[in-house]
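Listed here are the chains, written in short residue letters.
Number of protein chains: 2
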Amino acid sequence: MMERMPRQGASLAEPVPVTISVDAMGGDRGPAPVVAGMARALADNPEIRFILHGDASKLTPLLARRKALRDRCEIRDVAGVVTMDAKPSHAMRNGKDTSMWSSIDAVRNGEAQVCVSCGNTGALMAMSMVRLRKIPGINRPAIACLWPSRNPGGFNIMLDVGADIRADAEDLLQYALMGNSYARVGLGIARPRVGLLNVGTEEHKGRAELKLAHDLIAGVSDAAEFQFVGYVEGGDIPSDRVDVIVTDGFTGNVALKTGEGTAKLIREFLSQAFRYSFLSRIAAVLALTSLRRLGKRIDPRQVNGGVFLGLNGTVVKSHGSADATGVSAALKLAVELAQADFPSRIAARVASLSAKGQGVGTSGAGLR
Amino acid sequence: MMERMPRQGASLAEPVPVTISVDAMGGDRGPAPVVAGMARALADNPEIRFILHGDASKLTPLLARRKALRDRCEIRDVAGVVTMDAKPSHAMRNGKDTSMWSSIDAVRNGEAQVCVSCGNTGALMAMSMVRLRKIPGINRPAIACLWPSRNPGGFNIMLDVGADIRADAEDLLQYALMGNSYARVGLGIARPRVGLLNVGTEEHKGRAELKLAHDLIAGVSDAAEFQFVGYVEGGDIPSDRVDVIVTDGFTGNVALKTGEGTAKLIREFLSQAFRYSFLSRIAAVLALTSLRRLGKRIDPRQVNGGVFLGLNGTVVKSHGSADATGVSAALKLAVELAQADFPSRIAARVASLSAKGQGVGTSGAGLR
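So the sequences go chain by chain: U and Y. Using the numbering used here, read the first sequence as starting at 711 and increasing by one per residue. Using the numbering used here, read the second sequence as starting at 711 and increasing by one per residue.
It is possible that some hints are incorrect.
Said to hold, decoys possible - The calculated EDC-like cross-link candidates involving lysine to aspartate or glutamate, where the alpha carbons are at most 20 Å apart (straight line), are:
| no. | chain 1 | residue 1 | chain 2 | residue 2 |
| --- | --- | --- | --- | --- |
| 1 | U | Lys921 | Y | Asp738 |
| 2 | U | Lys974 | Y | Glu978 |
| 3 | Y | Lys974 | U | Asp874 |
| 4 | Y | Lys797 | U | Glu919 |
| 5 | Y | Lys915 | U | Glu978 |
| 6 | Y | Lys974 | U | Glu978 |
| 7 | Y | Lys915 | U | Glu821 |
| 8 | Y | Lys915 | U | Asp950 |
| 9 | U | Lys915 | Y | Glu978 |
| 10 | Y | Lys921 | U | Asp874 |
| 11 | U | Lys915 | Y | Asp795 |
| 12 | Y | Lys921 | U | Asp795 |
Stated by the list, open to error - Selected chain Y positions facing chain U (in silico; Cβ < 7 Å):
| no. | residue |
| --- | --- |
| 13 | Leu779 |
| 14 | Phe960 |
| 15 | Ala983 |
| 16 | Ala993 |
These aren't lab readings, by the way, just hints derived from the structure by calculation. Positions of the beta carbon are idealized from the N, C-alpha and C atoms, including for glycine.
Chain U on its own, in the form it takes in the complex (with noise of 0.2 Å):
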């Protein structure tokens, strides 16, 4: 965990406590990968507590063989559930009595510092954006995610990989900014280097909107301590020639797929191969220990959780199919976050931001 968040200046004498809201319902697995994968979470940090929202019918049957776990959650009996296919705008205004809705409101409430949800991204997006509200100077809140990297820390940070489906010049500067904060405090970085994601890296190539972003991104680099490189590829997502990759939630949605998607190829024609021959079955034997750490190295389930930027409170978005391994990924990066202190954090750097007028939202000059 600590080489995945390397917090500086973090006391590890003084952990401070952490509890953490869970939404069981609405992933495509329903609540029992949800439980196990706290049963996990627990079990590598145990003084996290947890408040456990769904129906509690079905909830405590699953708790009942967790000592552990039942002892440090609290569960919210909530009859409702966000389906999957529930276009957000409807669940939005009907969904009150939701598990998704009350995990939030935990958050909302200061009971949990951070909500992990597998449930239907637009509706977590949707009812984060009304129950928490926006930190003020951000338009539009982001979905941003840890990326399996050369960098010495092991991750880049991508945004956005899907909260909208569309942004414009101005959102992908707020993305730069957001992105930038969550380095500096998620992965330790003083002066974070961000790319701008385009199909070239010369300056003339790409849309307009992303010409526009680029000169506006290069003008606040300087006020707000970070690097910009540029224009970068998708090639470049996973190098060490910058820490943040800024993008529209179209495009990071579906790089992010399509990464996810190469890595679980590539582990299917890693294990055929070395099902292939006699020799190849003992040097599987062999290696057993370094191809056990390659597969959790290049198994997207390890770097579950794309973190919402923007709000006032953090919500964690788990992959809906997320199994026990990755609810448990999502939880321990929820944990980190908590326990860097980092929705404060983040609205403190946007809030100083924009006192020195240097583009947030609508008070820098020329942004619009």
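Use these hints to put chain Y onto chain U, whose structure you have.
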């Protein structure tokens, strides 16, 4: 080669004589890897011929050491080179005396069946459109790539991967039709399954032009004899749910480079894993053959080569940074396309669809 492009009904007894026109200049690494790649391709297909376009004073020494290649390669001395950072419009207006122009013209004049270039993609597309002209009924050509997949043939087709950064609904429809023809001719699939790339598979998701394209493509699938599987996501690109993935050139290019970047990263992780311990080093030796097979399977260079669709003549775009392995893969693809008589067959299919009034170009009812 046959497993990559199984051709139905092609007679292996009478190979078609193949001449490939090669742009020697304009790649990131100059002409040396191009000539080395030609030598490899010739070793696999001793019957092919080349016309090589570029600075003869640089090319002659490279051929000097390769007698077999020299005997089957004609040099066209051209002084000019289109640089990687040239604007397409500029290259098109001022590019007459370049190796790129000359290599396209050899296809235009019927001297070669296919042109291969490692040069500037935008310039290559712009020149190809001017010199070869679009097939009647096609508004916007596209670049299609092969993507390693779980399908029995081992590859799916994705387009557009970078001909144009924008595509409206009718462009996407045309990409579906061209991708369908490519899958039929190139992969030998009788009734290809076509999917439209989006950020979710639910019908209400995605951008407005995607919803319109969804309905347009669904409307022609019967007449064009393909199966429309609706929306697919990034994770489906290598799947066996689909044979052809349709998207705009911006998204397609990012997805392609992201997939390649992910594969490259995992290859690095894999070799690190096998250097990790004494046992894993022994394992690597035992599994050498299997690992080499795997390495080949996940090596982006092995599927190098984007095919320009929608033109009166076939152009294959190799990666700008391709080494000899990459160039040789692009040349093999070019040979396969030439042997399959690809350009005339795809033109015939598009013409027959136009005749049915089934919506390529402006001939279809209500497509604008």
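Evaluation of the provided hints:
With a C-alpha separation of about 25 Å, the suggested pairing of Lys921 of chain U with Asp738 of chain Y is violated against the 20 Å cut-off. With a C-alpha separation of about 16 Å, the suggested pairing of Lys974 of chain U with Glu978 of chain Y holds against the 20 Å cut-off. A distance of roughly 29 Å separates the Cα atoms of Lys974 of chain Y and Asp874 of chain U; the hinted pair therefore is violated under the 20 Å criterion. Restraint check for Lys797 of chain Y and Glu919 of chain U: the C-alpha separation of about 19 Å stays at or below 20 Å, so the hint holds.
A distance of roughly 30 Å separates the Cα atoms of Lys915 of chain Y and Glu978 of chain U; the hinted pair therefore is violated under the 20 Å criterion. Simply put, Lys974 of chain Y and Glu978 of chain U have alpha-carbon atoms about 16 Å apart, close enough for the 20 Å limit, and the pair holds. Between Lys915 of chain Y and Glu821 of chain U the alpha-carbon distance is near 34 Å, which puts this suggested pair outside the 20 Å criterion. The hinted pair formed by Lys915 of chain Y and Asp950 of chain U fails the criterion: a straight-line CA distance of about 34 Å is larger than 20 Å.
Proposed proximity of Lys915 of chain U and Glu978 of chain Y is contradicted: the alpha carbons are some 30 Å apart, above 20 Å. For the suggested pair Lys921 of chain Y and Asp874 of chain U, the alpha carbons sit about 16 Å apart, so the restraint of at most 20 Å is met. Using a Cα cut-off of 20 Å, the hinted pair Lys915 of chain U and Asp795 of chain Y holds, with the two alpha carbons roughly 10 Å apart. Annotation: proposed proximity of Lys921 of chain Y to Asp795 of chain U holds, straight-line Cα distance about 16 Å (limit 20 Å).
The beta carbon of Leu779 of chain Y comes no nearer than 31 Å to any beta carbon in chain U, farther than 7 Å, and the hint placing it at the interface is violated. Annotation: interface hint on Phe960 of chain Y holds; nearest CB of chain U at approximately 6 Å, less than 7 Å. Annotation: interface hint on Ala983 of chain Y holds; nearest CB of chain U at approximately 4 Å, less than 7 Å. Interface restraint check: Ala993 of chain Y against chain U, minimum CB-CB distance 3 Å, threshold 7 Å, status holds.
Checked against the numbered hints above, the structure violates hints 1, 3, 5, 7, 8, 9, 13; every other hint is satisfied.
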